[in-house]
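My request is simple: use the sequences and hints to build the entire structure.
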Amino acid sequence: MPRGMWRPSLADMAAIEIRGLSRRFGSVQAVRDLTFEVGAGRVTGFIGPNGAGKSTTLRMLLGLVYADSGEGTFDGRLYRELDRPGTHVGAVLEEASFHPGRSGRNHLRVLAAAGDHPDSRVDEVLELVELSGAARRRVKGYSMGMRQRLAIAAALLGDPEVLILDEPTNGLDPPGIRWVRDLLRAEAARGRAVLVSSHLLSEVAQSVDDVVVISGGALRASGPIDQVLGANGIVATQVRSANAERLAALLSDAGMPVQREGTDLLVVPGVAPEEIGLVAAREGIALRELGAAGRSLEDVFLELTAEAA
99 MPRGMWRPSL ADMAAIEIRG LSRRFGSVQA VRDLTFEVGA GRVTGFIGPN
149 GAGKSTTLRM LLGLVYADSG EGTFDGRLYR ELDRPGTHVG AVLEEASFHP
199 GRSGRNHLRV LAAAGDHPDS RVDEVLELVE LSGAARRRVK GYSMGMRQRL
249 AIAAALLGDP EVLILDEPTN GLDPPGIRWV RDLLRAEAAR GRAVLVSSHL
299 LSEVAQSVDD VVVISGGALR ASGPIDQVLG ANGIVATQVR SANAERLAAL
349 LSDAGMPVQR EGTDLLVVPG VAPEEIGLVA AREGIALREL GAAGRSLEDV
399 FLELTAEAA
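The working numbering puts the first residue of the sequence shown at 99, with every later residue one more than the last.
These are computed hints drawn from the structure, not numbers from a lab.
For clarity, every value in this text was computed on a predicted model and none was experimentally measured.
Be a bit skeptical, because a hint or two may be false.
Okay, the calculated beta carbon distance ranges per label pair [as the list claims (entries may be wrong)]:
1. V126 <-> V208: 33 to 39 Å
2. E373 <-> L226: 43 to 49 Å
3. G199 <-> R283: 33 to 39 Å
For each residue, glycine too, the CB sits at the ideal point set by N, CA and C.
Right under this line is the structure:
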């Protein structure tokens, strides 16, 4: 089992199940025996280097690319087996396209009619993505960020149970990125399963409950983000003191691995700050700094994908 792997309990609700999914294009194995789940009411980040197989996986899940083996299902059904799929799954792929001569509102009205959604839903989603003021403008005059919002509005037309978003923050400024983050959290709070692919690791770390890391088409880690980061992200404690030499000796005597970093800084791997604080307090040693030095999602990502390479 790859390091960082997490197995969900039977009590967890999996809205998306991917089992043994594989796809080869000529000599390139784009996806290989990929297995993971996406739970209802949770935001799952789907990350990997360029060419890792993320987009191919999403296209197979949505029936746009056939799998060589395995399958991806929504509550046990393939996408093509869903009755009125827009009410079950809303998706934004990276290459979302629009008729440039149509207004944003008319674009959504066409999609609503095709999906048998009520016309009133168009104005509801325009307001939700904050495009009501630009609804009558032609899409060719929209900025990239406005087009992203329109694509998300289209995905929400059927009030779906599952949202799949491929790079949803492309073209968005910082307020727009914050808006997407808040939207994802709000949709998960409503019970939706949200699967979001993104290359912005710092944003993923702030937005998701679970994370799936792939590289070379294969799974490298999967599970709640704290578990993937490892021990709640605490891999070491940093402590700074004018009496660092004496503190280092005391910690070593207590069986803690101590690393000296300069004259006043100690790094203690695998030990929580509270344990070090207790030793210092018991011996009357004043501390200038005490805190966890946790791994970031970027650290874990680079470690896992470097191993794959």
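Quick rundown of the hints versus the structure:
no.: 1; hint: V126 <-> V208: 33 to 39 Å; in the structure: holds (36 Å)
no.: 2; hint: E373 <-> L226: 43 to 49 Å; in the structure: holds (48 Å)
no.: 3; hint: G199 <-> R283: 33 to 39 Å; in the structure: holds (35 Å)
Violation of the numbered hints given earlier is absent; every hint is satisfied by the structure.
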